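Protein chains: 2
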Amino acid sequence: MSGYAGRSKKSISPLPAKSWSVASGRGRRRAPARFPNQPRPTAFSMKWLALDIGGANIKAADGEQFAVSQPFPMWEDSRHLVDVLRTLIALVPRATHIAATMTGELADCFSTKAQGVEFILNALNVAADGRHTRVYLTNGRLVSLQAALRQPLLASASNWHALASFAGRYVADGSGLVMDVGSTTCDLIPLVDGQPVTIGKTDTNRMINGELIYTGVQRTPVCAITQLVPWRGRKCPLAHEVFATMWDVYLTLDALPEDPSRKDTADRRPATKEFAHDRLARAICADREVFTDADARAIAEALADAQIKKIASIITQLVARLQQPPHTVVISGQGEFLARAVLERAKIKTSIVSLTRELGPELSSCGPAHALAVLAKEGPK
Amino acid sequence: MSGYAGRSKKSISPLPAKSWSVASGRGRRRAPARFPNQPRPTAFSMKWLALDIGGANIKAADGEQFAVSQPFPMWEDSRHLVDVLRTLIALVPRATHIAATMTGELADCFSTKAQGVEFILNALNVAADGRHTRVYLTNGRLVSLQAALRQPLLASASNWHALASFAGRYVADGSGLVMDVGSTTCDLIPLVDGQPVTIGKTDTNRMINGELIYTGVQRTPVCAITQLVPWRGRKCPLAHEVFATMWDVYLTLDALPEDPSRKDTADRRPATKEFAHDRLARAICADREVFTDADARAIAEALADAQIKKIASIITQLVARLQQPPHTVVISGQGEFLARAVLERAKIKTSIVSLTRELGPELSSCGPAHALAVLAKEGPK
Chain X
1 MSGYAGRSKK SISPLPAKSW SVASGRGRRR APARFPNQPR PTAFSMKWLA
51 LDIGGANIKA ADGEQFAVSQ PFPMWEDSRH LVDVLRTLIA LVPRATHIAA
101 TMTGELADCF STKAQGVEFI LNALNVAADG RHTRVYLTNG RLVSLQAALR
151 QPLLASASNW HALASFAGRY VADGSGLVMD VGSTTCDLIP LVDGQPVTIG
201 KTDTNRMING ELIYTGVQRT PVCAITQLVP WRGRKCPLAH EVFATMWDVY
251 LTLDALPEDP SRKDTADRRP ATKEFAHDRL ARAICADREV FTDADARAIA
301 EALADAQIKK IASIITQLVA RLQQPPHTVV ISGQGEFLAR AVLERAKIKT
351 SIVSLTRELG PELSSCGPAH ALAVLAKEGP K
Chain Y
1 MSGYAGRSKK SISPLPAKSW SVASGRGRRR APARFPNQPR PTAFSMKWLA
51 LDIGGANIKA ADGEQFAVSQ PFPMWEDSRH LVDVLRTLIA LVPRATHIAA
101 TMTGELADCF STKAQGVEFI LNALNVAADG RHTRVYLTNG RLVSLQAALR
151 QPLLASASNW HALASFAGRY VADGSGLVMD VGSTTCDLIP LVDGQPVTIG
201 KTDTNRMING ELIYTGVQRT PVCAITQLVP WRGRKCPLAH EVFATMWDVY
251 LTLDALPEDP SRKDTADRRP ATKEFAHDRL ARAICADREV FTDADARAIA
301 EALADAQIKK IASIITQLVA RLQQPPHTVV ISGQGEFLAR AVLERAKIKT
351 SIVSLTRELG PELSSCGPAH ALAVLAKEGP K
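Quick note, the sequences are listed as chains X and Y, same order. Heads up: the first sequence runs through residues 1 to 381, numbered per the numbering used here. Heads up: the second sequence runs through residues 1 to 381, numbered per the numbering used here.
It should be emphasised that the hints constitute simulated quantities derived from the structure, not laboratory data. Quantities reported herein were computed from a predicted structural model and do not represent experimental measurements. Any given hint might turn out to be false.
For chains that are exact copies, the list does not tell them apart, and a pair is met inside one copy or across any two.
Using 25 Å as the maximum straight-line C-alpha spacing, the simulated DSS-like pairs for lysine-lysine come out as follows [to be verified]: (1) Lys310 - Lys47; (2) Lys201 - Lys235; (3) Lys377 - Lys349; (4) Lys235 - Lys310; (5) Lys309 - Lys263; (6) Lys263 - Lys273; (7) Lys273 - Lys235; (8) Lys347 - Lys310.
Isolated chain X, as found in the complex (with noise of 0.2 Å):
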């Protein structure tokens, strides 16, 4: 899921009013033939608030048609996270049930995950201001706030979970994937009947058993994809150092658009092509002086090659341990575009069911958040 801390330490104003994107519900909604068994929501039906508490983005969504994405640095933030809560709840004045999920406690200005997952508890506790409030547990369990906090481990970075058990039902039989690619990570999560089937528990081990790479569209420096990029004929070294991200090479080539509201970028300057231009060319240590479009497009699309290449060769290796190959695959979040890419790369032949093509962009790139909504909706099976 996207989430979790970095540098870009200047301060920014929590919560400014244009960096919000709210669900327009655009999607074509085929889901009620998918869902018999979701509730339809009735003037007595309880009325739930989601929130996926990530460590670079707070993003919220109430099961139905609205969902909010908010950029929050919780590394430098943290202390803010009470009104980061409080207003993402007052988007939603009838919510009465809130249910939590997070990824935010692996931020680095915790000294553990069990640290961080008692401060966003505790956070979410004053926010809620008395709501009935549910923290879900990698195990599919919604538990009290109480209860999570003294299972810590099992609370934490949960969201792909809920995501996954979401998901399930798109591939209610055989076998099955959810591969989500968000801002700084790509969860792959194998299913079997609709069911997740992860060996990883933990992000380390789901990173080790390749079920969690963290890598992503916008967040990841440019310097950890690759080494050399062509420079006119040659091959330049990248410096190791966060000159520029992903973000700017999806927006060179037209992946991802341009939000010049949105300034977490590597230079904290506008993210549109003109400032990823400066900052591709800060890459190779030369300037626009001496960098010009074609440049610029010719090592966006190195890194983009690069990062597909890394990918596909880890979902080969997932892939080729499940008992079965996966017959569908369910992608999600903003760097969808990236999992059809490396599924082509990866020559997978299954059938494709994309989330922003099922719930639309906005509830997709809110995917844990809708789908926590949904399933707190639903109640326990």
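Position chain Y relative to chain X; hints supplied.
Using the frame of chain X, we list chain Y on its own:
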């Protein structure tokens, strides 16, 4: 040289007294025998102060026994540059002449290098407060501020050339090499008869030609160094995130000293072994509860080994293209230990001159500033 920009965006107050390290002149000075032409300071001689204005550190030296290094994150604090330069200049009250070299123009707060050079020269002009001021160019000339402003690309990234010109006197005849390893970068400068004979002039071309390796012993993110590290009999991918840097590696391996006053680390916590341990744990998404000292050491050894191997491969190519293999390598910077390991790995059999031994660790770690002060005092040849 050390320098340039990066993340770590939390503001620090400029010039905390505790972070100064002032040379105490402990080095065994064999220099007089080697520098027969160096004028002896007299009451009538001009007193020079040289400034090496980097993007992460600013260094000052008087070419005698004085040298200081001041962490200065140009990319976030550039508005304080005048104050920092003024304070440094005031440390040598008798200095009436100033010489400057720079790399800070690459900081990502500047749109272009020329803009960065102009900004730095303007700050220098104000801080110099009427003192006679000269700027070092990559052609080896010292020129006025006005002349430097007219040729910013010669003033840009010039500090390596000053060091090489100075170090050349330790390799007066035949083929030699300077290897300066700093916090951020590693300079490799071939010499013939004491003069630098680099192919690249700009940073980009120096990187392409293996003369600048943008990797160092402190700031370099570990995820730029390698993909997999050992973890209890398995291989674990590193998170593509700046959770830890090579500083943590060399703290763990006791190659760099602890410094609790320095907090310009990946997580803004002190540069101690204890916190380095936490940061290395985070690099594989673990925490101290599941990560032992032995785990930290295993990962640190693998990362150091990967960095040594990477630099050794580049130096091998560089040496292969020289007309003669270097009979002497002059090593300098706080990463001399890494330079020695690289030369051993690359099986380069030469005599080694250590500037740390020649000048003492403080002057060596401010090598380009010390070199420039010496060159300036000597005046044009």
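Each hint, compared with the structure:
no., hint, result
1, Lys310 - Lys47, "neither (42 Å within a copy, 56 Å between copies)"
2, Lys201 - Lys235, "between (40 Å within a copy, 17 Å between copies)"
3, Lys377 - Lys349, "neither (34 Å within a copy, 71 Å between copies)"
4, Lys235 - Lys310, "both (19 Å within a copy, 15 Å between copies)"
5, Lys309 - Lys263, "neither (29 Å within a copy, 36 Å between copies)"
6, Lys263 - Lys273, "within (13 Å within a copy, 33 Å between copies)"
7, Lys273 - Lys235, "within (23 Å within a copy, 37 Å between copies)"
8, Lys347 - Lys310, "within (14 Å within a copy, 32 Å between copies)"
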